[in-house]
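Under the working numbering, the first residue of the sequence shown is numbered 3, with each subsequent residue one higher.
No lab work stands behind these hints, which were simulated from the structure alone. Keep in mind the model is a prediction, meaning the values are calculated, not measured. Take these hints with a grain of salt, some might be off.
What the hints assert, rightly or not - Between beta-carbon pairs, the in silico distance windows are:
| # | residue 1 | residue 2 | range |
| --- | --- | --- | --- |
| 1 | E115 | H225 | 16 to 22 Å |
| 2 | F419 | T493 | 29 to 35 Å |
| 3 | K352 | D294 | 22 to 28 Å |
| 4 | V489 | R469 | 17 to 23 Å |
| 5 | F372 | Y28 | 33 to 39 Å |
| 6 | Y80 | T483 | 48 to 54 Å |
| 7 | F457 | I503 | 25 to 31 Å |
| 8 | S181 | D294 | 24 to 30 Å |
Stated by the list, open to error - Straight-line C-alpha distance at most 27 Å; calculated DSSO-like pairs for lysine-lysine:
| # | residue 1 | residue 2 |
| --- | --- | --- |
| 9 | K78 | K273 |
| 10 | K68 | K78 |
| 11 | K27 | K263 |
| 12 | K30 | K263 |
| 13 | K273 | K146 |
| 14 | K146 | K27 |
| 15 | K273 | K305 |
| 16 | K79 | K305 |
| 17 | K146 | K179 |
| 18 | K273 | K179 |
| 19 | K30 | K78 |
| 20 | K263 | K485 |
| 21 | K68 | K263 |
| 22 | K263 | K146 |
| 23 | K30 | K68 |
| 24 | K417 | K353 |
| 25 | K179 | K27 |
| 26 | K68 | K146 |
| 27 | K353 | K305 |
| 28 | K79 | K146 |
| 29 | K78 | K179 |
| 30 | K263 | K171 |
| 31 | K68 | K179 |
| 32 | K27 | K171 |
| 33 | K273 | K68 |
| 34 | K273 | K79 |
| 35 | K79 | K68 |
| 36 | K30 | K273 |
| 37 | K263 | K479 |
| 38 | K30 | K146 |
| 39 | K485 | K171 |
| 40 | K27 | K273 |
We put the CB at the ideal spot given by N, CA and C, even for glycine.
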Amino acid sequence: MLFNSFIFIFGFLPATLVLFFFTAKYSKQAALTVLFVTSIIFYGWNNYHYVFLLFFSIVINFLIGKYIITTTLPQKKYLLFSGVIFNLLLLAYFKYFNFFIENLNIISHNHFESFNIVLPIGISFFTFTQIAFLVDSYRGLVQKYHLLNYALFVTYYPHLIAGPIIHHKEVMPQFTKSSTFSFSYRNFSIGIILFSIGLFKKTILADNLGAYVSPIYDIYSAHISLLDAWISSLAYTLELYFDFSGYSDMAIGLSLLIGIKLPVNFYSPYKSLNIIEFWRRWNMTLSRFLRDYLYIPLGGNRKGPSRRYLNLMITMFLGGLWHGASWTFVVWGCLHGIYLCCNHWWATLKKIFNLRESNTIVFRVVACLFTFVLVMVAWVFFRAPNFSTAHAILHAMFFNPLILPNYWPIPFAAKIFLLKLHVSFSTQTTWMASDTVASLHAITLILISLIIVWFMPNSYQIMHKYRPALISWENIKSRLTWKPNLVGTCTVILVFILDIIYVHASSIFLYFRF
Numbered sequence: 003m004l005f006n007s008f009i010f011i012f013g014f015l016p017a018t019l020v021l022f023f024f025t026a027k028y029s030k031q032a033a034l035t036v037l038f039v040t041s042i043i044f045y046g047w048n049n050y051h052y053v054f055l056l057f058f059s060i061v062i063n064f065l066i067g068k069y070i071i072t073t074t075l076p077q078k079k080y081l082l083f084s085g086v087i088f089n090l091l092l093l094a095y096f097k098y099f100n101f102f103i104e105n106l107n108i109i110s111h112n113h114f115e116s117f118n119i120v121l122p123i124g125i126s127f128f129t130f131t132q133i134a135f136l137v138d139s140y141r142g143l144v145q146k147y148h149l150l151n152y153a154l155f156v157t158y159y160p161h162l163i164a165g166p167i168i169h170h171k172e173v174m175p176q177f178t179k180s181s182t183f184s185f186s187y188r189n190f191s192i193g194i195i196l197f198s199i200g201l202f203k204k205t206i207l208a209d210n211l212g213a214y215v216s217p218i219y220d221i222y223s224a225h226i227s228l229l230d231a232w233i234s235s236l237a238y239t240l241e242l243y244f245d246f247s248g249y250s251d252m253a254i255g256l257s258l259l260i261g262i263k264l265p266v267n268f269y270s271p272y273k274s275l276n277i278i279e280f281w282r283r284w285n286m287t288l289s290r291f292l293r294d295y296l297y298i299p300l301g302g303n304r305k306g307p308s309r310r311y312l313n314l315m316i317t318m319f320l321g322g323l324w325h326g327a328s329w330t331f332v333v334w335g336c337l338h339g340i341y342l343c344c345n346h347w348w349a350t351l352k353k354i355f356n357l358r359e360s361n362t363i364v365f366r367v368v369a370c371l372f373t374f375v376l377v378m379v380a381w382v383f384f385r386a387p388n389f390s391t392a393h394a395i396l397h398a399m400f401f402n403p404l405i406l407p408n409y410w411p412i413p414f415a416a417k418i419f420l421l422k423l424h425v426s427f428s429t430q431t432t433w434m435a436s437d438t439v440a441s442l443h444a445i446t447l448i449l450i451s452l453i454i455v456w457f458m459p460n461s462y463q464i465m466h467k468y469r470p471a472l473i474s475w476e477n478i479k480s481r482l483t484w485k486p487n488l489v490g491t492c493t494v495i496l497v498f499i500l501d502i503i504y505v506h507a508s509s510i511f512l513y514f515r516f
């Protein structure tokens, strides 16, 4: 089931809220059971077969975690090892088995047949959630728990399919708080606002930007112009952000309707001045998982610079592979590994030579643009179906000449100026240039989107007075904040109406495939 669908907004969501708060009047356990059952219905709506896989995974992890908590140290290690291997094998079979067969065929020149395996939606997310739980059980950070609470922790529908990747200490205690079971008009109002903001990002921005991505990346990648390459790559860079951050806003808003706060997953990542900062703002819960359960156990930065760089590369390599069974994802991860190594190396040099970082506007603008372009270059590999497409797009972006169509409404004086800059004009049109209205619409939409990501406050800055999610709020401020007055209420209503108008043309969220 999709958050951006009529059946969810006007059917599933109201029914879930009514049933939850009605049963909460009589029994907290009954209310949690309702939430668990509705989460299972949500997960299995389009394909109920993988509900059994989810049940199987939950029961096995619950039993292993229970024994880890109650047994002594030598047995704990074996149990933890068994639990992690179980989860990784489950993920490997459904997500990477055919990828392994394809590469084995290439290396061995054999023709082993691949299996008809359908990737269970959300498996990457609920696998990581449960691995983290087992590791924390081993570390003594988890107390005894009930099967219902654990099952709800894993399946809780706002986060189940595409995150945020939640931590047991953040969410499970909220399942027993009295305030969770009491309807709050304040939480409901703020939750609806966040949901509306997220739905706006998805239906109005992301889906419209996506219309300018697929024609280049999936159809015309062999013969594209510089203009096509830049417009489609900028569109995808922005589409992915609005799609995924929109989902996260919606998830946090939906959870707040029940009174449960989830961690923030995006915090204006394209405002970052370097790659280290970018990863502190982009997919924050995945970054936290990779740091706490992979990078630090590998040694982190405790064993010298060389080991730190190796650990960063291993972490980002596996982070890329986690996103999908393709070498293009691996290259994306390795590129970010290289970016991070260079960033840390430069930070080390600044400390050695006591160099101060400039805080001028010019420096900040250049640093932001440079970081943005580096991220966009990596996104080309992330989106491209193969290396030839990625190569064609990157070559067009940086080496093709700029050719504009003759019939574009450009003033004569401007054309003369552009010709002096070696810009050409031709009647030979490409995909984007062949449709003046479409190209102007694309450029306008991209410019509006860039203004939003670079100059506007994010959802949590707008709502910072109400602290709707789990994040350190001390330094979060914004001049533009939502206020419960006539203007604020009318704005939310208008945004929600626009969202509903565009719901009929909505698509699945991009991160569902990961």
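Of all the hints numbered above, which does this structure not satisfy? Sort the numbers upward. When the structure is compared with the hints, numbers 1, 2, 5, 9, 13, 15, 18, 19, 24, 29, 33, 34, 36, 39, 40 turn out to be violated.
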